[in-house]
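Asks: Bring the two chains, given one by one in their own frames, into a single complex with the hints.
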Amino acid sequence: MSPADAAKAGIRDNDWVEAVNRNGVVVARAVVSHRMPEGTVYMYHAQERVVDVPRSETSGRRGGIHNSLTRLLVKPTHLIGGYAQLSFAFNYLGPTGNQRDEITVIRRRAQEVAY
Amino acid sequence: MKVMAQLAMVMNLDKCIGCHTCSVTCKQAWTNRAGTEYVWFNNVETRPGQGYPRTYEDQRRWKGGWELTRRGRLRLRSGGRLHRLLTIFANPLMPSVQDYYEPWTYDYDRLFTAPAQDDVPVARPRSLITGKETKITWSANWDDNLAGAPELAAGDPVLRKVSDKVRLEFERAFMFYLPRICEHCLNPSCVAACPSGAMYKRSEDGIVLVDQDRCRGWRMCVTGCPYKKVYFNHRTGKAEKCTFCYPRVEVGMPTVCSETCVGRLRYIGLVLYDVDRVGEAAATPDPKDLYEAQKGVFLDPHDPEVIAAARAEGIPEDWLEAARRSPVYRLIFDFGVALPLHPEFRTMPMVWYIPPLSPVVDALVETGHDGEDAGNLFGAIDALRIPVEYLAELFTAGDVEPVRAVLRRLAAMRSYMRRINLGEEPDESIAQAVGMTGERIQEMYRLLAIAAYEERYVIPTAHAEQGARLEESDLGGCSLDYAGGPGMGGPFGEASGRVAPVAVETFHALKDRTTSGALATGRDDLRGRVNLLNWDGKGLPEGLFPPKRASGGTGEGES
Numbered sequence: 001m002s003p004a005d006a007a008k009a010g011i012r013d014n015d016w017v018e019a020v021n022r023n024g025v026v027v028a029r030a031v032v033s034h035r036m037p038e039g040t041v042y043m044y045h046a047q048e049r050v051v052d053v054p055r056s057e058t059s060g061r062r063g064g065i066h067n068s069l070t071r072l073l074v075k076p077t078h079l080i081g082g083y084a085q086l087s088f089a090f091n092y093l094g095p096t097g098n099q100r101d102e103i104t105v106i107r108r109r110a111q112e113v114a115y
Numbered sequence: 116m117k118v119m120a121q122l123a124m125v126m127n128l129d130k131c132i133g134c135h136t137c138s139v140t141c142k143q144a145w146t147n148r149a150g151t152e153y154v155w156f157n158n159v160e161t162r163p164g165q166g167y168p169r170t171y172e173d174q175r176r177w178k179g180g181w182e183l184t185r186r187g188r189l190r191l192r193s194g195g196r197l198h199r200l201l202t203i204f205a206n207p208l209m210p211s212v213q214d215y216y217e218p219w220t221y222d223y224d225r226l227f228t229a230p231a232q233d234d235v236p237v238a239r240p241r242s243l244i245t246g247k248e249t250k251i252t253w254s255a256n257w258d259d260n261l262a263g264a265p266e267l268a269a270g271d272p273v274l275r276k277v278s279d280k281v282r283l284e285f286e287r288a289f290m291f292y293l294p295r296i297c298e299h300c301l302n303p304s305c306v307a308a309c310p311s312g313a314m315y316k317r318s319e320d321g322i323v324l325v326d327q328d329r330c331r332g333w334r335m336c337v338t339g340c341p342y343k344k345v346y347f348n349h350r351t352g353k354a355e356k357c358t359f360c361y362p363r364v365e366v367g368m369p370t371v372c373s374e375t376c377v378g379r380l381r382y383i384g385l386v387l388y389d390v391d392r393v394g395e396a397a398a399t400p401d402p403k404d405l406y407e408a409q410k411g412v413f414l415d416p417h418d419p420e421v422i423a424a425a426r427a428e429g430i431p432e433d434w435l436e437a438a439r440r441s442p443v444y445r446l447i448f449d450f451g452v453a454l455p456l457h458p459e460f461r462t463m464p465m466v467w468y469i470p471p472l473s474p475v476v477d478a479l480v481e482t483g484h485d486g487e488d489a490g491n492l493f494g495a496i497d498a499l500r501i502p503v504e505y506l507a508e509l510f511t512a513g514d515v516e517p518v519r520a521v522l523r524r525l526a527a528m529r530s531y532m533r534r535i536n537l538g539e540e541p542d543e544s545i546a547q548a549v550g551m552t553g554e555r556i557q558e559m560y561r562l563l564a565i566a567a568y569e570e571r572y573v574i575p576t577a578h579a580e581q582g583a584r585l586e587e588s589d590l591g592g593c594s595l596d597y598a599g600g601p602g603m604g605g606p607f608g609e610a611s612g613r614v615a616p617v618a619v620e621t622f623h624a625l626k627d628r629t630t631s632g633a634l635a636t637g638r639d640d641l642r643g644r645v646n647l648l649n650w651d652g653k654g655l656p657e658g659l660f661p662p663k664r665a666s667g668g669t670g671e672g673e674s
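So the sequences go chain by chain: A and B. The first sequence lines up with residues 1 to 115 when you count with my numbering. The second sequence lines up with residues 116 to 674 when you count with my numbering.
Next up, chain B with everything else stripped away, as it sits in the complex (with noise of 0.2 Å):
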């Protein structure tokens, strides 16, 4: 047993309303650049969909993830080392600018340069890439809300699994939204397709990061990624993907698009498992088992085995201690509510998903029935077909139980919540049935809808003693600021300048900012250095002003 940490996200999609704040956040913090108009790092699609980029699912057209060959041996849908290495030279098979879209802009200027005219003037859109008026017919986020559905949701992988012909009719209609940022699998295809080993996975956390010395634009990790969330930037020739935010968690902070999201879906923490048995897991002959074989690889972080050997490992205390009360774990063992997107691809998704019971209690409430009511629920989960088996094409290789169980747990906590809400005694039938008991369900339904920042982000901080290999070691670290990067701004403005150093002290005032309800105070580890851009507006931060000068004294203030 080999003990290696993993940072793990969960989204609760019962509670994303698609307001696309964690997409727009991101691409402001990330690919806010030129070269990345359009990466989406975190993206948000409408189900039933497409996707981005289109069809990304369909892994017969795009060849990305594993496959098992007639051995049971793991292989690149791509191809093998040897069929890649002779196809260095020619194109990877990549989604093109149609598949994600030709990203565009309005001519604004037209709006003061245009000369006097009986109407308004208008700005047209323009595409970024060729500078020509252009007419948009596809965007990132192109069948929101099931827009245009009847054409284009026949194109969804997705759909076209569950059934031939699903009716698109106003009466049926089912939806919810799939927020995606990278999965930083733990057997990720897009580091073994990499050619010039310029992808790796950081051995503390488990992010999967793209080291922008040693990229040489091959675009395999493009082909290689089943989530398609490896995107190639056009202007300096290098791929680039979702870094889950690694300045931000390294100080304890959640990613930005866990930090802004409306409906507080998101939740981080660590996982524990056994590097041993991922390669065994991963190749699991059944697709349908890959889920139960993925939860077989964590490790259980109260198992004083586990904690003895973890320390063997060199993982520190308090980030065994972060385990122990990792959100992400709970979901996905203490509720058992959590489940991997689309583990058939083989890579061991680490960013799990709890699957929205709305699309049930959506049909009950139209029909006339109360959706709180557990027999309703636990009814019309088992009838109705369509949803419940989308979302197993989505989370269980089609496997309609485990995603049943999910299910009926979340109507069970609706009903044993609601008899509490109203003052009545609480049912423990309803626990019962789901195999809970009415205290785990409280616990559960803490965790799931009054969780406050702290229990839903237990981050623990990085270690300055991994800090300094981090930055040394042979990978050249990962700064932002390479050529054409998210430091490299303009000689103005907020990305002005050279970016500034990941500095531990400058994301604890960051983070004081944004959790704590009190004034930005200088703090003793920013004696004499004031950074407006932290500074709140609320209080004077020492060295805001020099410091007044004593009576009659020399006026050399100490700090």
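Same shape as in the complex, but just chain A (with noise of 0.2 Å):
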């Protein structure tokens, strides 16, 4: 995230970071650097879900990944052509990425984490 989104949030580099929204829940550390735009926050993909990710403090469950934040709504055209592998259901696998704006909120949360 940017030096300004981070110095609003109460963030420094490193720190552990919340992120929450009506679809989930992900735990990070943040990395602070002007190479991103105020307003924008960017998570790199293929997180490991199994190394060194602790408990959430939204849900006490384990801190989800890049993708617990974005949902899937598969639309019917997106069956056409015998593509049964896709069914509908929340948060599955799906053809497209994230088809909605979320409102997500960023916290700076406890530094000491639990596994």
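Just so you know, these hints were derived from the structure itself, not from any lab. Here a beta-carbon is modelled for each residue, glycine too, at the ideal position from N, C-alpha and C.
A few chain B residues that face chain A, going by a derived Cβ cut-off under 7 Å, partial list only:
#1 Ala262
#2 Gly263
#3 Ala264
#4 Ala288
Computed footprint of chain B on chain A, listed as stretches where at least three residues anywhere in the stretch have a Cβ under 8 Å from a Cβ of chain B:
#5 26-33
#6 50-59
Beyond 12 Å from chain B on every Cβ pair, some chain A residues (computed):
#7 Ala9
#8 Asn23
#9 Leu69
#10 Thr70
#11 Arg71
#12 Thr77
#13 Asp101
#14 Glu102
#15 Thr104
#16 Val105
#17 Arg107
Replies: Below you can see the structure in the form of structure tokens.
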């Protein structure tokens, strides 16, 4: 995240943070860099979900991954052409990215984490 | 004039994408052992950034390299001989584990052994030094891609020199990657600092090595090296460093880092130099003149006088031929685009760099300009103070003009070749503006953009008569199977057993496998011996199966 956004949320580089929205929660450590423009937060994909992921404060469960914040709604058109492996479900494998905007809260969490 | 040959490297920074493949393959090959967890013979740093180990370029703090005495003589920054002798039992000034990093792993075992629970088990980070759980706060490449730069970039010794206060804002973000190996210097301060004579510069190709049998672990070399490319193996208690993959280059193969480079940005070649002029050049009073002074030490391999003197020194003919075809020499002299890294350390480094034009191009493109137009590029190179001054602090001791000249040449090549690619008339004025011809620019383009393997790596093989001298020299060779060395693996797997001796025939088989598209057939010199590790799965190498019995014959095959 950008230094300006980090300052607003009281986050320093390498702090544990939680990102929460109605789809889920992800616990991660923040990278603060001026390579990011203000107002945009980016999470690199392919996080190891079984390595160094603590419990979240929000749910008390394992902290989630980058996909926890996005949800896919499969459209009927996605099922055209015999794509039988795609059927409707929440947070299920889908053919395209997240289709709707979500409001997500990112906050600094307790720095002592539990696994 | 005493001519010597030096194996040198040039890296084209515009092509580095920061993928770290060089570092990973180097580590797999050389430092994948206990005691060398933190050792990166090759590392890639994001600049601006602190580098690895942190702030290693700050010689006021780390006292690496050489300085000039008041009388203009060279002296190690870590102190003269007497001073070093008197303090030999004191701990030398060297980076601590916090300046490198505390190596760690994850307790993967927990993923299999954890009891049933509501959540999936997770592997936690564990220090490889204490074995206890740890919080990761630093690593060999922590500030990758300017991560944490608002806090960390202030620690970059180069950025500090450029300006007291560089504003780190999204609109002004510039960065590039700097891959680093040992510089294999002409005037190596690590060799000069070693009290036990364990470090030496090989006479035939200039590779700087540590004799593991002689090293007594004084660690003065770690202090002495201004690039901090000598590491202390805390298991064996001895120093280790980048070997320029000498077992590979001796048989004509490039180093592992070059071989595996995705961007194909590395060039390896010979340069001839006059060893009598090295000391004088390294003692050049003004650091800004060191780049030119270092160029002055190199000899023209086409000059008949140089060739005669080289023959008198016993440099073989194929080495002289390789020196004439050297891509390194061409990049330094014919095209004038390669610069040394930190010449102000006065060690005469032999790994040179083509500075990146991309920070300038990015700035142009992001402001809506044509990043391939010669006029735009020349103007931007003159106007953009921060990236150009930063590059000058890295490569020319702060002298902006040589960096500017190199960037203008790269810019000229970019726009000259753009016209050709678009099918327009070549514009000779672009070439003339940077003191080149269109033909020269096309040659440079060929070497920088599309050069084949054989053009990028011109490495003459070691000579058998020199090899014998190497192995039987009083240096006791430089084997790889010393206790804790790369050849000492466990009892199983590919690292098991004693290391196979560096043999010319196995390396030729390896080279065939990496460079030729043909089947790996049995070679004459491999008759009767099959190394399945070198077999690429294609065809049936001779000797893989016993020869077919001749009908009614004795059944004795020839091979």
